Every structure is written in C-alpha cells, then in structure tokens.
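Given the sequences, and given the hints that come with them, work out the whole structure.
Each protein sequence line maps, in turn, to chains Z and U.
Residue numbering for the first sequence follows the UniProt record's numbering, starting at 1 and increasing by one per position.
Residue numbering for the second sequence follows the UniProt record's numbering, starting at 1 and increasing by one per position.
Be aware that a few hints might be false.
Said to hold, decoys possible - Examples of chain U residues lying across from chain Z (beta carbon under 10 Å, computed):
#	residue
1	Pro76
2	Pro79
3	Ala109
4	His110
5	Tyr159
6	Ala169
It is worth saying that the hints were derived from the structure and are not from the lab.
In this text, all values refer to a predicted model and were calculated from it rather than measured experimentally.
A virtual CB, placed ideally from N, CA and C, is assigned to each residue, including glycine.
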Amino acid sequence: MSYFRITLTRSGIGMPKRTQGVLKALGLRHRMTTVFYPVTPEVAGQIMRVKELVTVQEVDKPLTKSEVRAERRPDPGFYLESAAPRG
Amino acid sequence: MLSRTIRRSILDSRIPTSALPPTFLLPNRARYFNSTVQHVDAPSESLDASLLATNTSAEAPETVAPVRRPIRPKVPLPPAPISSPMALDASVKEMLPLLAAQPSHYISAHIHAKPYLVTAGDTVRLPFHMPGVVPGDILRLNRASSLGSRDYTLKGTPYLDERVFECRARVMGTEAEPMRTKEKKKRRNRRINTVKSKHKFTILKIAEIKINSLEDIEGSGESV
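Here it is, written out as structure tokens:
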C-alpha cells in the first residue's frame, strides 16, 4: 500500500472557494503542512484540483506528525564524549 | 412596624441550609464533579457524600497521575558507528596526507546546523545555553562542512564524513549578558510593563582538531 505525501507549498489565499475547500478537505491549513493519504482515485482527483499549490511524493508508509518534525530538525552536530564529574 | 414585618418575612423565607442539596450536587458544581469522575476508571461503591463535598470544596482535585515520558537525555548520545565503508575519492586520498601534514587546521563545525569556523585553541561563545553540560565536559563535534589548512581545503557535500576528522571541544562554562530591560507600553494607557531578560551562553574551547590518517579511516571501515 503506497501513500501520497502531500505538502502545501503555495498558499491557497486568493484561490476560488472551491480550490480552498479542496485544500481544507485534504487537511492542508497552512503552507508547508504535510499530510499522508492512501493512493486512491478520490485523493488523486483532489490533488489534481490543487496541483499548482502542492508537491506530491509517493511513499511506502505514512509518517506521524512527530516523525515529520524530526525529519526537519537539523543534526545537533555534537555529543558528550567524556563527562566531567557532576556534583 | 412595617419594617419589622418585612424583616421577619425575609428571615422566614430564607431556606435553612440543611434543606438545600449539598454543594457538589448543585448544577454548576455537579458538572465539575462529573468531569473529575471521568478520569477515574471504576468509581468506588461507597460514595461518601461528606468526603465528596470536601473534595469539591477543594476545587476538583486532579486525580490524573503525571504522565511518565521516557527521559530524553539533554545532551545527544554518541551515534552508532557507521558500518558502511567510506568511499573516498581518489583525489581526496591523494591530498588528505598533504592536508594532514600541514601544521594547523581550521574546521567549519556545525552545531545545530549553525557553522562555527574555528581552529584549535579558539573560544566559542555559543548563542544559546547548552543544557545538560557542566564545565570540564568534552564534546565531540562530528558535523563539519569544511576542513582545511593554509593551502588545502576539504569540502563536504554538504557535510564531511565524520570519520575523516576528530574535533573536540571543552565546555569552559557559561557567560551571562548584562541585564536587558525593555519597557512595554500600549497607546492611550499609562501602564508601563518592564520586561527583564538576562540570557546565559555556553563557552566552548576547541581542544583538538585532528585529521585521521588514511590507514585509520580504511581500517575502521573494514573492521566494523
């Protein structure tokens, strides 16, 4: 089962009501929100309605909200090699 | 005379407190009472009214136990050793000994994706207070975008392989900025709110920048 990974890259502001409704139905409230939907003709049709505003990727399994956040978090770039004695 | 009768009528009309239902059954209180009960899985059979009344008077005590989360370490833990053998370009293999042979090196180390161009002995005041470290801790900086000497520079795409170099930093302590005050005032209102802030910053000293020799890099790649 594959999923669509849909990210809203352009805002829906200024679009017709129908287009904004499609974004709302997809759960895309603001820019750079990412949602996952199974690959179905219904979702494909919704994406076609807003194809100019979103970027779509096909993935094997959906990520949770925290996993999507963790993806964007940069690497800390350090780790504790030897700890001083703590009092 | 008339005032006395009025007073008496008021006194009589006052309902004795015993006739009223207990406070926890009053509609507005009963709602809180219900909302607290929802947390409890199985309410006990012996619902003592007096006990409940004292509970509701104490503004609906929270019976929810604090949620136990897995304790996340404040300082990142050492990453797992990379098992994949390192693919070094032929030109890198040729030039890396030359780079290592030169006396002093600089590194562009990235901490939380922010680059710090440093060399050994430099003091870095991080723009934040690093939690969970104390003075004397040795941090290993394992993310760098470039590493160089006077004549050679090894650039990462976008980061260098962390097995090429060893960069260590010692935590020296924290530094505090002078107290800042900011006056917040709204229009058409005399009230002035003074906000104070005094941030702390962690000081690091770069203890060591070492470039691993080709044998070490290849050996570690094969052994793991």
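Evaluated hints:
no. : hint   : verdict
1   : Pro76  : holds, 5 Å
2   : Pro79  : holds, 7 Å
3   : Ala109 : holds, 7 Å
4   : His110 : holds, 5 Å
5   : Tyr159 : holds, 8 Å
6   : Ala169 : holds, 7 Å
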